[in-house]
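Undergrad: Construct the complete structure from the given sequences, taking the supplied hints into account.
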Amino acid sequence: MNKRMITGAVVMTTCVMLAVSNIALADWGDDEYGLFERTPTIPAVTSKLYGSECGSCHFAYQAGWLPARSWKKMMGTLDQHFGENAELDQATRDNITAYLVAEAADSRPNRKSRKILRSISEDETPVRISTLRYISHKHDEIPTRLMEGNAKVRSRANCAACHTGASSGDFNEHGVTIPGYGRWED
Amino acid sequence: MKRVITILICLAAVPVQASESVIQERMAAYNAQGGADFSADRGKQMWTETHTQSSSGKPVSCASCHSANLKQTGSHIRTGKLIEPMAASTAGADRFKDPAKIEKWFLRNCKWTLGRECTAQEKGDFLAWFLSQ
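Protein chains in written order, with my numbering: chain A, 231 to 416; chain B, 1157 to 1289.
Computed beta-carbon distance windows for the label pairs:
1) Ala390(A) <-> Ala1188(B): 40 to 50 Å
2) Lys303(A) <-> Ala1184(B): 36 to 46 Å
3) Glu1259(B) <-> Ser385(A): 26 to 36 Å
4) Glu371(A) <-> Glu1176(B): 49 to 59 Å
5) Gly1213(B) <-> Lys303(A): 20 to 30 Å
For lysine to any residue, the following SDA-like pairs were computed, each having C-alpha atoms within a straight-line distance of at most 20 Å:
6) Lys342(A) <-> Thr355(A)
7) Lys1267(B) <-> Gly313(A)
8) Lys345(A) <-> Val331(A)
9) Lys1267(B) <-> Leu318(A)
10) Lys1257(B) <-> Met305(A)
11) Lys302(A) <-> Asp336(A)
12) Lys382(A) <-> Ser1231(B)
13) Lys1237(B) <-> Glu283(A)
14) Lys382(A) <-> Thr1235(B)
15) Lys1257(B) <-> Arg323(A)
16) Lys1257(B) <-> Glu317(A)
17) Lys1200(B) <-> Ala1244(B)
18) Lys368(A) <-> Pro356(A)
Derived from the structure by calculation, the hints contain no laboratory data.
Cβ coordinates follow ideal geometry from the N, Cα and C atoms, glycine included.
TA: This is how it looks when you write it as structure tokens:
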């Protein structure tokens, strides 16, 4: 009886410790995943309209990369969209805006979007994902010649050039292959 | 075997026909909006005409991104995005299938290039130019 109780206590303690350490590793460490977690970094795009309308010109950035106020601002200035005219008819625009706002970093918080939000101050409304402090920090070890200076990448905004799982929301470092360089792991 | 070949030829011809009928339908609409006698030559001439872009101060034309040859793949001057050929004979299956898509891109690209929307006449001339290639 006593022996059983001790075994039980040991098993219980081990479980609790593993669970806590997993949360700790994921939340405090720099890992994209928790130790036993295998979920994508950021929820994948679920709107077909967003995927086709926006994704026909550039990588369809997941809504969780920006807060709702940023998406509203961006969708309200599509005629001046990073130097391009990306105007949409009202119905399409409303539909896509509603989707992005509903899935935004501050609408559906997860571990990743909390980190992104922490890197944006409340009086800012950023629209350029590639220069968010969080993104800059994540890429600070990668030389410019491999990104902006790399003809096959050209821009940091071109996520899928290196993040092979980007379209499914997987930005794990282990899935990074830089064109002309190869796998990147630090 | 003959029948199979016939069916395959018919299937291959469908996208072209679909594109062509959509283009014809658009041209009829531009006629109703005041355009007339659409000319591939005028379309071709406008295609390479340069305009100074107010945002960048650079001279740009349709050909800047689409290439002057409609049968060639273009490349966006700033982003490098590859742009499928515009010639109706070579255009991708969905290039001219949806009237709304045609209007969307006319709106965006006329504003980007000319700094204003295109007239019905200009749009008709452009489509005549795409259709002739």
